[in-house]
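There are 2 protein chains.
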Amino acid sequence: MRAKVHVTLKKGVLDPQGEAVRHALGALGFDDVGEVRVGKVIELDLSDEDRGTAEARVSEMCEKLLANTVIENYRVELE
Amino acid sequence: MRAKVHVTLKKGVLDPQGEAVRHALGALGFDDVGEVRVGKVIELDLSDEDRGTAEARVSEMCEKLLANTVIENYRVELE
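From first to last, the protein sequence lines stand for chains L and X. For the record, in the first sequence the residue sitting at position 28 is 28 according to the working numbering, with numbers rising by one throughout. For the record, in the second sequence the residue sitting at position 49 is 49 according to the working numbering, with numbers rising by one throughout.
Don't read these hints as lab results, they were simulated from the structure. Among the clues, some could well be false.
One copy or two, it doesn't matter: identical chains are merged, so the pair holds either way.
Using 25 Å as the maximum straight-line C-alpha spacing, the simulated SDA-like pairs for lysine to any residue come out as follows [to be verified]:
id, residue 1, residue 2
1, Lys4, Ala27
2, Lys64, Leu78
3, Lys10, Gly29
4, Lys64, Leu28
5, Lys11, Leu28
6, Lys11, Leu25
7, Lys4, Glu49
8, Lys11, Thr53
9, Lys40, Asn68
10, Lys11, Gly52
11, Lys40, Glu19
Throw the hints in and build the complete structure from the sequences for me.
Here it is as structure tokens:
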């Protein structure tokens, strides 16, 4: 089974990488771009067959390693 | 209008970040995780009202800045 984990910064958390992208876009002439936020997507190949087990295990991976839950949200999507 | 740009490494391109995540997951006991790939999601606030114009402009941003098209694919999603 394949899992996709979407990790995004929580609302209100400053995103310097997004700010840098916005600035660079402005320098290229795209100066009407508003807020830019940059997140991560982590794709995992899992050996689990059962969706429930897989989802629980991926959530555990997020809590322990993939996301910093103080400042980031995550969403697990199974394929 | 809001756009989401998904940037992923092309097939066959080595992903050291993904490999590091796989290794770290293994060290935490998740040792049956197969390949791991790490991508980016860039969320942009656009002032364009027209979907066609917005899509064309975001594709241009990808070609010029957001993606390295030699090693990365991108996908634009408008909301």
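The hints, checked one at a time:
In this homomeric assembly, Lys4 and Ala27 come within 25 Å of each other (Cα to Cα) only across copies, at 20 Å, whereas the closest approach inside a single copy is 33 Å. In this assembly of identical chains, Lys64 and Leu78 lie within 25 Å of each other by CA distance solely inside one copy; the values are 19 Å within and 32 Å between copies. In this assembly of identical chains, Lys10 and Gly29 lie within 25 Å of each other by CA distance neither inside one copy nor across copies; the values are 29 Å within and 28 Å between. When the C-alpha separation of Lys64 and Leu28 is checked against a cutoff of 25 Å, the pair qualifies only between copies, where the shortest distance is 8 Å, while the shortest distance within a copy is 39 Å.
In the homo-oligomer, the alpha carbons of Lys11 and Leu28 never lie at most 25 Å apart, since the shortest distance is 27 Å inside one protomer and 29 Å across protomers. In this assembly of identical chains, Lys11 and Leu25 lie within 25 Å of each other by CA distance solely inside one copy; the values are 22 Å within and 27 Å between copies. When the C-alpha separation of Lys4 and Glu49 is checked against a cutoff of 25 Å, the pair qualifies only within one copy, where the shortest distance is 16 Å, while the shortest distance between copies is 31 Å. When the C-alpha separation of Lys11 and Thr53 is checked against a cutoff of 25 Å, the pair qualifies neither within a copy, at 30 Å, nor between copies, at 28 Å.
For a Cα distance limit of 25 Å, the shortest separation of Lys40 from Asn68 qualifies both inside one copy, at 12 Å, and across copies, at 16 Å. Proximity of Lys11 and Gly52 under a CA criterion of 25 Å is satisfied in neither setting, with 29 Å inside one chain copy and 29 Å between copies. Within a single copy, Lys40 and Glu19 get their C-alpha atoms as close as 16 Å, and across copies as close as 15 Å, so both meet the 25 Å cut-off.
The structure does not agree with the numbered hints 3, 5, 8 and 10 stated previously, though it agrees with the rest.
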